[in-house]
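*Asks:* Sequence:
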Amino acid sequence: GAAALELGAASARTPLPPGWALVGVEALDPWVMGNSKTVRSELSLPTLLLMTQSMMYDENGVDLDALVASMGARGKACVFIEVDDTRHQDQSDVPAVAHAACRLLCMGSARRPAVTMREHMDVCLGFVDMAV
Numbered sequence: 001g002a003a004a005l006e007l008g009a010a011s012a013r014t015p016l017p018p019g020w021a022l023v024g025v026e027a028l029d030p031w032v033m034g035n036s037k038t039v040r041s042e043l044s045l046p047t048l049l050l051m052t053q054s055m056m057y058d059e060n061g062v063d064l065d066a067l068v069a070s071m072g073a074r075g076k077a078c079v080f081i082e083v084d085d086t087r088h089q090d091q092s093d094v095p096a097v098a099h100a101a102c103r104l105l106c107m108g109s110a111r112r113p114a115v116t117m118r119e120h121m122d123v124c125l126g127f128v129d130m131a132v
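So for the sequence shown, the UniProt record's numbering puts the first residue at 1; every next one is plus one.
Treat the hints loosely; a few may be bogus.
[Stated by the list, open to error] In silico SDA-like links for lysine to any residue, alpha-carbon gap of 25 Å or less:
#1 LYS37 with ILE81
#2 LYS76 with GLY61
#3 LYS76 with VAL115
#4 LYS76 with HIS99
#5 LYS37 with TYR57
#6 LYS76 with MET56
#7 LYS76 with GLU42
#8 LYS37 with ALA66
#9 LYS37 with GLY75
#10 LYS76 with GLU59
#11 LYS76 with MET130
#12 LYS76 with GLY126
#13 LYS76 with ASP63
#14 LYS76 with ASP65
#15 LYS37 with THR14
#16 LYS76 with LEU22
#17 LYS37 with LYS76
#18 LYS76 with ASP122
[Unchecked claim] Beta-carbon label-pair distances, calculated as ranges:
#19 GLY126 with TRP20: 17 to 27 Å
#20 ARG112 with THR14: 14 to 24 Å
#21 ASP84 with ASP58: 10 to 20 Å
#22 VAL94 with ALA69: 28 to 38 Å
#23 ALA100 with PRO17: 35 to 45 Å
#24 ALA73 with LEU104: 35 to 45 Å
Read the hints as simulated data drawn from the structure, not as lab findings.
Cβ atoms here follow ideal geometry from the backbone N, Cα and C, with glycine treated the same way.
Go ahead and model the full structure; you've got the sequences and the hints to work with.
*Replies:* As structure tokens, then:
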């Protein structure tokens with residue numbers, strides 16, 4: 001998450017290879033405290049903050065709200081959404097391989113990996129469609 005936001009902020013200044021287009025930033029469970037303050041003032045690409053309950057603790061939520069407010073004040077799109085009943089590893093392929101272990105360690109939800117992955121991907125792909 002932090003790397004994605006840093007990349008998004010830096011990409012506005014870095015030329016892309018010919019034929020490439022950066023249309024948005026998708027941050028999965030971002031931890032905003034790890035970002036430089038310039039993210040709030042320089043990030044201008046449409047941004048998706050796709051969350052699970054794992055990263056919705058108070059301090060992080062406040063920081064994410066501040067990012068959304070800052071981007072909104074500058075007329076930039078920033079979507080902050082949480083996928084219900086999911087845990088941090090549900091955004092990866094790990095639960096599909098080791099669901100019982102992820103569940104035992106509270107890293108994966110009780111939901112089937114195919115369901116949680118589909119829900120995350122639906123949001124990600126819908127965001128890309130909106131950003132293009």
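*Asks:* Hints first: check each against the structure and report whether it holds.
*Replies:* Against the structure, the hints:
1. LYS37 with ILE81: Holds - the C-alpha atoms of ILE81 and LYS37 are around 22 Å apart, at most 25 Å.
2. LYS76 with GLY61: At roughly 19 Å apart (the allowed maximum being 25 Å), GLY61 and LYS76 satisfy the hint.
3. LYS76 with VAL115: The given pair, whose Cα atoms are some 31 Å apart, is violated under the 25 Å limit.
4. LYS76 with HIS99: 38 Å, violated
5. LYS37 with TYR57: With a Cα-Cα distance of about 20 Å, the restraint between LYS37 and TYR57 holds, given a limit of 25 Å.
6. LYS76 with MET56: The given pair, whose Cα atoms are some 23 Å apart, holds under the 25 Å limit.
7. LYS76 with GLU42: It holds: about 10 Å lies between the C-alpha atoms, which stays within 25 Å.
8. LYS37 with ALA66: This hinted pair holds, its Cα atoms lying about 11 Å apart.
9. LYS37 with GLY75: This hinted pair holds, its Cα atoms lying about 18 Å apart.
10. LYS76 with GLU59: The hint holds at about 23 Å.
11. LYS76 with MET130: With a Cα-Cα distance of about 13 Å, the restraint between LYS76 and MET130 holds, given a limit of 25 Å.
12. LYS76 with GLY126: Distance ~18 Å between LYS76 and GLY126 Cα, so the pair holds.
13. LYS76 with ASP63: 17 Å, holds
14. LYS76 with ASP65: It holds: about 14 Å lies between the C-alpha atoms, which stays within 25 Å.
15. LYS37 with THR14: It holds: about 19 Å lies between the C-alpha atoms, which stays within 25 Å.
16. LYS76 with LEU22: OK: LYS76 and LEU22 at ~15 Å, within 25 Å.
17. LYS37 with LYS76: 17 Å, holds
18. LYS76 with ASP122: 22 Å, holds
19. GLY126 with TRP20: 17 to 27 Å: 22 Å, holds
20. ARG112 with THR14: 14 to 24 Å: At 39 Å between Cβs, range violated.
21. ASP84 with ASP58: 10 to 20 Å: 19 Å, holds
22. VAL94 with ALA69: 28 to 38 Å: Check passed, 33 Å falls within 28 to 38 Å.
23. ALA100 with PRO17: 35 to 45 Å: 42 Å, holds
24. ALA73 with LEU104: 35 to 45 Å: Holds - the Cβ-Cβ distance for ALA73 and LEU104, about 44 Å, lies within 35 to 45 Å.
When each numbered hint is compared with the structure, violations occur for hints 3, 4 and 20.
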